[in-house]
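Enquirer: Letter by letter, the chains look like this.
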Amino acid sequence: MSEKLPKTAVTPASHTTPPAKFSHGVRKGNILQVAGQVGFLPAEPGRAPEPAGPTLREQTLQTLANVHAVLVEGGATWEDVVMIRVYLTDTGHFAEFNELYNAYFADLTEAPSARTTVYVGLPAGLLVEIDALAVLG
Amino acid sequence: MSEKLPKTAVTPASHTTPPAKFSHGVRKGNILQVAGQVGFLPAEPGRAPEPAGPTLREQTLQTLANVHAVLVEGGATWEDVVMIRVYLTDTGHFAEFNELYNAYFADLTEAPSARTTVYVGLPAGLLVEIDALAVLG
Amino acid sequence: MSEKLPKTAVTPASHTTPPAKFSHGVRKGNILQVAGQVGFLPAEPGRAPEPAGPTLREQTLQTLANVHAVLVEGGATWEDVVMIRVYLTDTGHFAEFNELYNAYFADLTEAPSARTTVYVGLPAGLLVEIDALAVLG
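Chains as they are written, first to last, in our numbering: chain G, 17 to 153; chain A, 17 to 153; chain Z, 17 to 153.
Chain G extracted, bound-state conformation (with noise of 0.2 Å):
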C-alpha cells in the first residue's frame, strides 16, 4: 500500500451543523463511520436543530433516517453495516423501539448488523441516539 487511503468526510445536504468539529461521517478505505445520529428533522436555514417530535417512535424514525442518509451519501446501504449502537435514555423504551427497528429493517436481505443498546444520558428532550459502523465493498 504505497498511495494514502483518502479519507472524505460524509455531509448529507439535509442535515443539521454539528455542534462542533465532527463529521456526520467519515469514510476511509472501506471504512464508514456515521456519527451518533438524532432525531433532529432536516436542517432549515435560520432555524436552531429540532427534534422531529416528543415521542420514542417519532425520534427513532427520523434518527434512522438520520443515519441512512448519511449511509448513502458515503456510498453505502443498510446492507453493509456491521455494528449499529442505539443509546436509549430510558429501559422501559427497549420493547417499543424494537417493535419500530424490527418493522424499519424488515425488508434487510443481507445478515442484519450487530448491535448493542445500552442506556445513558442524553441532552433534554433526546431519547435515542445511533450510530453505525459499515464495512464497504
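Worth flagging that the hints you see were computed from the coordinates, not collected in a lab.
Quick caveat, the model's predicted, so the values are computed rather than measured.
Watch out, some of these pointers could steer you wrong.
Which copy is meant is left open, because identical chains are indistinguishable; a pair holds if it fits in one copy or across any two.
[What the hints assert, rightly or not] Below, a list of computed lysine to aspartate or glutamate pairs in the EDC-like style, where the Cα atoms sit at most 16 Å apart:
(1) Lys37 with Glu115
(2) Lys37 with Asp106
(3) Lys37 with Asp123
(4) Lys20 with Glu126
(5) Lys37 with Glu112
(6) Lys37 with Glu95
(7) Lys37 with Glu66
(8) Lys37 with Glu126
Could you slot chains A and Z onto chain G? The hints should help.
Expert: Leaving out everything else, chains A and Z in the frame of chain G:
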C-alpha cells in the same frame, strides 16, 4: 476489489434468539463484530432468556463465554480482538470485574485487546454487557 | 492473505499501567484502536494514577493528549481517526467540552472524525473518557 465482500451472520447454536432483528455477530471482509452480550445461559427451547445468576461473577463469566462463542463461530479467537467494550452498572464493581477479567485472560499470548469501560443502565437484573471487535487474518 | 496479520500492543512510555489486562492501544492490519483514556497525568514511579485536575478543562485536555500519545505510538495521527467516542458525566458540560474540542482540533486539515457523545457514569473524580478508532494507510 471487483468482487462484493460477503457479509455473514454469526449465530452460535447455544445463543438465545436476539430480541430484535440483529445478529449476535456479523463478519464482513476481515472485520468481525460481536453484538452486546449479556450473561444469559445457553438457550433452551421454551425457556425465556435467563441470566447465569444474580452475581457479577456469574454474569461476567457467562458474558465472556457468550462473546467467545460468537468469536469462535465467526472463525476468530480472543487473540484477534482489538476492542472490548464493557458496560457495567455500578462503579463499585470495577475492582471485582477486573479480577475476573484478568483471570479469564491470563493465558492470552498476543497483545491484549484495547478496552473501554463505562457505567450505564441495563435491563433489570443485568449487571454487565460486553461487545467486541475483531480483525481477522 | 496467507500471512497472519501481526497484532501489536501500543503502550506510550508516559502512560499509567492499565488497571487490568488490556492495552492502551492495539494495532492489527490497518486498524488502530485506542482504549478509553481519561485525564490521568503521565505516570510517575510509585505514584497512583492522578487526574490532571478537577475541572473539565484540565481533564479534557489531558485526555486528548493521552489519546494522541497512543495514536503517535501506533504510527497514526488525529488525521487518521475515523471515530471518537466521548463519555461525559453531565449534560451541562456539553457546551464547554465542545469549545475545548474545537480549539484542540482547530488545525486539522483532513476530514474531521465522526463522533458520538453520551452521558454515563465514570469512577469518582473523572469527568470525561475518550476512545478512538483510526484507519491507517
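Enquirer: If a hint holds in the structure, say so; if it does not, say that too.
Expert: Verification of the supplied hints:
1. Lys37 with Glu115: So Lys37 and Glu115 pass the 16 Å test across copies only (9 Å; inside, 34 Å).
2. Lys37 with Asp106: neither (29 Å within a copy, 20 Å between copies)
3. Lys37 with Asp123: between (35 Å within a copy, 11 Å between copies)
4. Lys20 with Glu126: between (31 Å within a copy, 12 Å between copies)
5. Lys37 with Glu112: between (33 Å within a copy, 13 Å between copies)
6. Lys37 with Glu95: The answer is between: 13 Å across copies meets 16 Å, while 28 Å in one copy does not.
7. Lys37 with Glu66: For Lys37 and Glu66, neither the intra-copy (20 Å) nor the inter-copy (29 Å) Cα distance is at most 16 Å.
8. Lys37 with Glu126: This pair counts as between: shortest inter-copy Cα distance 11 Å, intra-copy 34 Å.
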